[in-house]
Amino acid sequence: MTDNFRQAMFVMLVPVIIISHHWLETSMTSHMAVQLPLLVFVGALFAGLLQTYSPRLVVFGQRYRISLLLYSLFTISLWMLPRLLDAALYQSSIAFLKWLSLPLAGISLVLCWRHLPFVLRGILHLELLATLLRLGWLYLIAPQRYCVSYGINDQQQLGHVLLGYAAVYGLFLASSVLLGGRRAN
Amino acid sequence: MTVVAVSLGLLAWWQTTQGFRAFTWESYRRLKIASHPLAVPNVLLQDQFGHLLDLNSLRGKVLVINFIYTRCPTICGYTGLNLSRLQRMLLQRSFQDRVRLLSISLDPHFDTPQKLKAYMLRFSNQLKTSWQAVRPVKPLQGQEMQHQLGVVSIPDGIGGFTHNAATHLVDQKGYLVRIIDEDNLKLTIDIIARMLLAAKTGINHDG
Amino acid sequence: MTTRTQSVTAQPRERLYLQLYIATTLAIFVLMMLAGVVMRAVQGTYIHMSPDWFYQIMTLHGAGMVGIAGLAGVSIMWYFLRRYVSLTPGLFLANLILFIIGVVMILGAILLGKFGGGWTFLYPLPAKSMGLWSHNAAAAYVGGLLVIGIGFLLFYLDVARALLAKYGSLGRALGVNQLISGRIDTDHPPTVVASTMVLIVNTIGTLAGAVILVLTLVNLYYPTMQIDALWAKNLIYFFGHVFINATIYMAVIAVYELLPKYTGRPWKVTRPFLAAWSASTLMVIIVYPHHLLMDMVMPDWMLVLGQVISYLSGIPVLLVTTYGALVQIHHAKVRWDTPAKFLILAVFGWAAGVVPAIIDGTIVVNQVMHNTLWVPGHFHFYLLLGMLPMVLGFLFHISRHENETTKDRSVGMGFWIFMVSALLFIFMFLYSGVMSVPRRWAEHLAAWIPYDQWAALFGLVVLLSMLFFTVKLLARLTHIRLEA
Ligand code: HEM
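Protein chains in written order, with the working numbering: chain F, 1 to 185; chain H, 1 to 207; chain E, 1 to 484.
By construction, these hints were calculated from the structure, which means they are not laboratory data. C-beta atoms are modelled at their ideal positions from N, C-alpha and C, and glycine is treated no differently. Take these hints with a grain of salt, some might be off.
Stated by the list, open to error - Here are the in silico distance ranges between beta carbons for each label pair: (1) H/3 x E/323: 54 to 60 Å; (2) H/122 x F/19: 45 to 51 Å; (3) E/440 x F/96: 43 to 49 Å; (4) E/31 x F/175: 42 to 48 Å; (5) E/124 x F/168: 29 to 35 Å; (6) H/15 x F/19: 44 to 50 Å.
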């Protein structure tokens with residue numbers, strides 16, 4: 001991605017997310033599978049931009065890579081809990097934390113990513129893939145609702161969407177190592 | 001540094017999940033209430049005969065509260081059945097004067113006293129008992145109460161609601177002390193018995 | 001002598017790690033065989049044991065054998081692959097350490113926690129023990145498998161890193177580009193091809209394992225979170241099947257690398273060789289996961305097709321290997337030392353083991369024979385007479401003296417005893433299968449007991465010969481060379 005492209009995306013996405021937030025939160029599918037990833041993605045774009053302007057951030061990322069990684073992993077995993085999805089609708093403090101912590105998770109993930117060893121990155125990719133499959137499967141077949149604010153149909157639809165994400169992501173990973181000319185390290 | 005980060009992360013998880021026990025809103029709400037009883041706000045209600053009553057006027061009795069709406073094609077019928085069975089169990093133990101069962105409507109516009117009466121008649125042929133079906137007179141007040149208790153009802157797209165069904169137990173001082181599964185009648189009656197005993201022996205329940 | 005010591009001390013760390021792998025492998029193989037003989041002896045009423053203990057031992061034997069076959073396979077793959085690409089010693093060791101932690105957890109679950117749900121931990125059995133074992137025991141077992149899986153994954157990802165660094169893409173390492181362009185590079189090492197295939201299929205298998213193992217754990221402690229039992233079974237079998245097959249694909253590297261040393265003919269890649277390995281890989285990646293991951297509501301025939309392909313995907317590799325091995329020895333002046341004998345036996349055992357598998361795969365037969373002892377019969381064929389001899393051939397080769405020409409008579413004798421007794425032992429499984437003796441039964445009908453007794457005796461001889469090899473190999477542990 002070129003910097004211009006990143007800038008354009010960022011400038012476009014921020015208002016889109018803010019304006020659409022109410023609408024995205026009306027369904028479990030768009031709340032969890034669209035809004036939350038977008039928040040992380042915006043943070044990631046932002047960090048990419050910052051890095052090109054301030055090389056010192058690269059040094060920072062190198063030095064604190066483990067803490068940054070842990071922060072983003074804990075934050076992202078917490079936001080997979082159905083409980084927080086509900087809470088973000090009824091408790092303004094939690095809603096505020098959502099808008100703060102997820103972009104930050106995107107930022108810290110990008111800052112540390114390039115300093116992580118190949119094997120660790122591989123494990124993270126696979127774990128993300130496995131998590132999509134696990135959650136997708138659970139949502140698809142759970143007889144009861146995990147969120148009080150959304151119906152069971154919505155939950156099953158989310159399950160389908162997460163499995164779809166997993167399929168696309170899995171194909172992407174497979175093709176990049178099977179065909180890709182990219183070299184490790 | 002890493003250790004600090006890991007501990008902070010685990011702490012955040014611990015906090016949000018009440019010690020890795022609650023992953024959903026419903027289980028969180030139940031655990032939270034069990035450790036932090038909540039004063040139930042006063043609501044003006046109208047019962048199946050059309051009589052008005054303040055929720056606060058029931059202080060001194062143990063309240064068993066369920067949320068229903070009479071058009072409900074599924075769960076609420078089961079709720080009513082459970083309440084009528086619970087009523088019988090209370091009679092067996094002669095608890096009936098010290099306990100009040102309340103089915104509070106989630107759909108106060110539609111659920112007029114006639115509708116509430118019809119709902120109750122589906123489960124029992126007696127209406128003048130310790131069980132009352134009620135609707136909030138001011139819908140906003142009702143919503144505020146649901147919000148504070150953590151009860152959420154959402155339109156199900158076919159004219160009804162989807163809501164978290166549970167039995168809410170309120171003690172004699174007006175505090176919500178436990179939320180449990182509706183069909184767990186044995187646990188319900190056990191907790192009621194304990195609350196009544198505590199009142200008799202003067203043990204302070206929420207202290 | 002001096003030159004050898006020098007080259008040995010050049011990589012003392014790696015050599016030490018390899019020795020640890022080997023010692024672990026030998027010890028666990030012997031112990032698990034003991035468990036196997038005990039099971040046959042119990043069925044044959046030589047020993048009395050409560051059914052609970054039988055199933056605990058069966059679980060131990062299954063999990064232990066599959067795990068140790070994987071570990072032995074890794075040591076073979078690592079040993080030869082490091083000649084072509086640079087692997088990280090630390091991760092090779094990390095795999096062993098995690099393996100041992102996992103084994104301790106599993107042993108605790110089975111011996112202390114009395115977990116006896118079978119090595120395949122079929123959902124929802126771990127959570128529904130009817131009081132035989134606790135949730136913690138089941139969790140220790142499942143968690144142990146998870147820890148072992150993570151260890152293998154670390155190793156495979158390191159292999160992926162190294163292969164990508166050298167070849168740019170896994171497709172190239174597997175030789176797909178050569179197949180497409182038609183220009184076969186005969187210097188492309190078979191070891192790299194086999195390692196790439198194993199890396200790919202086992203990563204996918206581990207993914208399936210990571211999904212089902214974690215969900216099984218979740219279900220143990222949060223029983224309201226339930227999963228679909230048929231899907232669970234599919235995921236477990238995909239994961240288990242791929243893993244156990246991959247042990248052979250790793251071990252067969254020893255055949256490719258070592259047999260030429262005894263026949264004097266190089267084992268070069270050919271078009272069929274590359275095509276076979278690619279075909280087997282593709283069948284696993286494209287066909288199976290497609291059925292597994294995406295169509296949650298799929299028709300029965302898809303399930304059947306997926307299952308069949310998961311069984312047959314190994315056939316191309318088997319064919320080229322058997323053919324290649326025949327080419328190696330056909331009219332060649334073979335130096336029939338112990339390692340060569342083991343390696344040829346291994347190829348025979350692997351190929352022959354597939355025959356009963358295909359018979360069982362035929363639906364008409366399957367309806368009669370499935371879930372009889374025919375099934376352990378076919379897989380013991382290619383594990384006990386295929387996989388294990390590859391490992392033994394490898395170990396006897398890398399631990400022999402550099403200029404060893406004199407053959408160790410006793411090991412030569414041991415080879416024949418091992419081969420004959422293992423064949424007889426397996427034959428008893430197959431024969432019992434034909435007689436409709438069910439598998440996984442702690443107690444047998446009186447009519448079946450004679451078969452069990454013969455099997456126990458043959459199994460005992462297999463165990464004793466393995467014990468003898470183990471003693472011999474441990475005594476030679478210090479002779480092990482990294483460039484043998
Ligand atoms: C002396 C050698 C061995 C003996 C005596 C032996 C014996 C047995 C017996 C009695 C069973 C249970 C059969 C039944 O269902 O009733 C069994 C199952 C099994 N064995 Fe072996 N075995 C030996 C070697 C091996 C080897 C070398 C491997 C793999 C590398 C292996 C892997 C397995 C597996 C995966 C099972 C399935 C367990 C289950 O059904 O859950 N065995 N073996």
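Cross-check of the supplied hints:
no.	hint	in the structure
1	H/3 x E/323: 54 to 60 Å	57 Å, holds
2	H/122 x F/19: 45 to 51 Å	47 Å, holds
3	E/440 x F/96: 43 to 49 Å	57 Å, violated
4	E/31 x F/175: 42 to 48 Å	43 Å, holds
5	E/124 x F/168: 29 to 35 Å	31 Å, holds
6	H/15 x F/19: 44 to 50 Å	32 Å, violated
Violated hints, listed in ascending order, are 3, 6; each of the other numbered hints is respected by the structure.
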